[in-house]
Amino acid sequence: MSKRRLIFYSDARHTHIYAYDPPLRVEDAVAPVDDVAGTGVDTFVYGFGAGQTMYHNTTVGETWAEHLIKAGKTTFREPEIWNTFPFWRAYSNIKSLRDRGLDLLELLTDRAHEKGLQMWGSIRTNHGQDPAFIDTADNSTFKIEHPELHLKTVPGQPFNWAFPEVRAERLALFEEAVTNYDLDGMEIDFVFSQYLFERGEVEANKHLVTEFVADARRIVDKAAADKGKPFTLGARVFPTPESNAATGLDIADWIADGLVDFLVPAVYGPIQMDVNLPFEWIVDLAAGTPCEVYPALQDKVFSVHTSGIHQVDRRIYEHAATPEHFRAGAAAYWAKGADGIYLPWFDWPVEANEKQILSEIHDPDLLSEKPKHYWSPVRDVDGDYEGYSSQLPLTLETGVEASEQVVSLYLADDSARSDVRLRLKLTGSVAADVMSVTLNGHELDWETSRVTRHGGGGDIFAWADFPIEPDMFRRGVNDIGVAVLSRPENLVASVILQSVEVLVDYPGNAANTEFDRISLGRRL
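Mapping the sequence shown onto our numbering, position 195 (from 1) lands on 195, and the numbers just tick up by one.
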C-alpha cells in the first residue's frame, strides 16, 4: 500500500443514485469517479447499497426494490410503495442500467482504473428495518421472511449475527464482489449499524465477528492469488475502545493475526469534523504491523447542538466545512499518526472549492503554513448512542469560587510565524459578566480581546476573540479554561460555552474567501 492515502467514499445514494432523474446516463453513472479524478484522491470506495439491497447486479442477494418488482408492484402510481422521490429515482435508474445490460459496479470500477484510482467496495454488516414494512424499497425478502433472525433488545430490528444464516448472507455478497469484479480492495463497514448481538450477549459472541473477518481474509487472499494482483482488506470501526467492545469488534486480535490491512476509525451519525477524534490508540495497536490507519474526516460543522432537533430541521444548522477547516482537520490527523485520510462524506456537487480541498489535504507539506480553522464539534443528536460525544455545549458555573471548566482542542501548528486567535461563542453572556479565560494555564487578557455582542430577546450571545502569542499554544492537545467569576445578582440564567475555535494565519497568506476575511476581523 502507498505511504499516504486520500480515500474518497461514495455511499451510492445521496449524491449519486438519488440525485439524477432517470434514465441514468453512463456519464452520470461514473460521475462520482470523475468528480475526484485529477485531485489528491488515490482510492475510490463505493458503498454497495442501502440496507440489505444492492445497487449492482448481484445474483446471490437482492437489488434495490427487487421484492416489490417480483410482487408486481412496479409503478409510481402506487405512492404508498415509492414513499420518496429518491426511492423512485433509485429504482428507475437501476432498472434503466439493467435494461441496457449494464452493471453499475462494473462501470464505476472500469472508470476508476481508467483514471488511475484504486477501486474498493464497501459492504455494511447490518441495517435496521422493520420486516413488517413489506412495501419499503430498501427492505428485502430475506428480512421480511425471517423476523425470527432480528435483534429483540436493541432499536431498529437489525439482524442478529449470532445466527449463521445472517453472517452467511453478508459473506456471500462479499465473496461475489471480490470474485466477480475487478476490485482492488474491500471494506467491511461495522459502523453504520452498531448492533450485532442482543444486549448482554456481545462478549459471548464476539468470536463470531472475528471468524467472519477471517473468512473474508481467506476470500481476498484466494482472489489475489487467482487474479495475480494484491487485494486489500479492511474495516470501518469505532474510534474508542469502549464502542468497539460494545459491538463485539476485537480489533487488537484482527491486527495481531494479520486479518486486516487497514482500519477506518469513524462514526456514522455525527457528521461533524472533529480534530480531536481519538484514534491514536489504534495507531499504537497497529505500530510495527502491516495494518494502516485511515481515520474518517467528516465534512460539516454545526452552529448549535442538535439534541432534540429533528434530523430534517437540524440541517439549517449544518454548514459545509471550508478549506480552512479541512486543512486543520487533515493537519491534525497527519500529526497524530494517520497513514491516510478517509472521507466518508463530502459536499456535493464537487466544484472548484471542493477540488481545492481534495488537492491539498493528502500531503502534509501542502498544509504547512496555510490558514487553518480548528473547531470543536457540538453535541449531536446521533452521537451519544455510539459512545462518542462532544465536549460542547458547556454550561458554565458562576461565582468567585467557580471551578475553571476546560475544553481540549488538538492543534497541528506550532510555528512562531503564525497569527493565532482563540474564538469563543458565549450564549447568554452580557457585558457585566466577569470571566476568566486561560490557554494551557496562560491567563488571557480581556483588554486585548475583541468582543462582539449579538441577538435580542432570548437569543443573546457574544463572540470573544483573543490574540494568542506563540508561546501560549503547542502542537498537540491544548486546554482552554473558562470560568464565570461574577454576573448581575438578579440575572439567574447561565452562560453557555457554545463554540471553541482557533484560527491560524501566516504572514503573506492572503485570505482566500469572504469567510476567511470576516473570521480574521478583516474587511475589503
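In case anyone wonders, no lab produced these hints; they're calculated from the structure. Hints are not guaranteed to be accurate.
[As the list claims (entries may be wrong)] Using 20 Å as the maximum straight-line C-alpha spacing, the simulated DMTMM-like pairs for lysine to aspartate or glutamate come out as follows:
1. K227 to E176
2. K222 to D284
3. K229 to D42
4. K115 to D103
5. K229 to D261
6. K3 to E360
7. K229 to E280
8. K222 to D261
9. K115 to E27
10. K222 to D257
11. K227 to E106
12. K95 to D184
13. K370 to D414
14. K336 to E280
15. K206 to E145
16. K115 to D42
17. K336 to D479
18. K70 to E145
19. K336 to D257
20. K227 to D182
21. K206 to D250
22. K115 to E351
23. K3 to D250
Check: Hint by hint, which ones does this structure get wrong, listed from lowest number up?
Finding: 2, 7, 12, 15, 19 and 23
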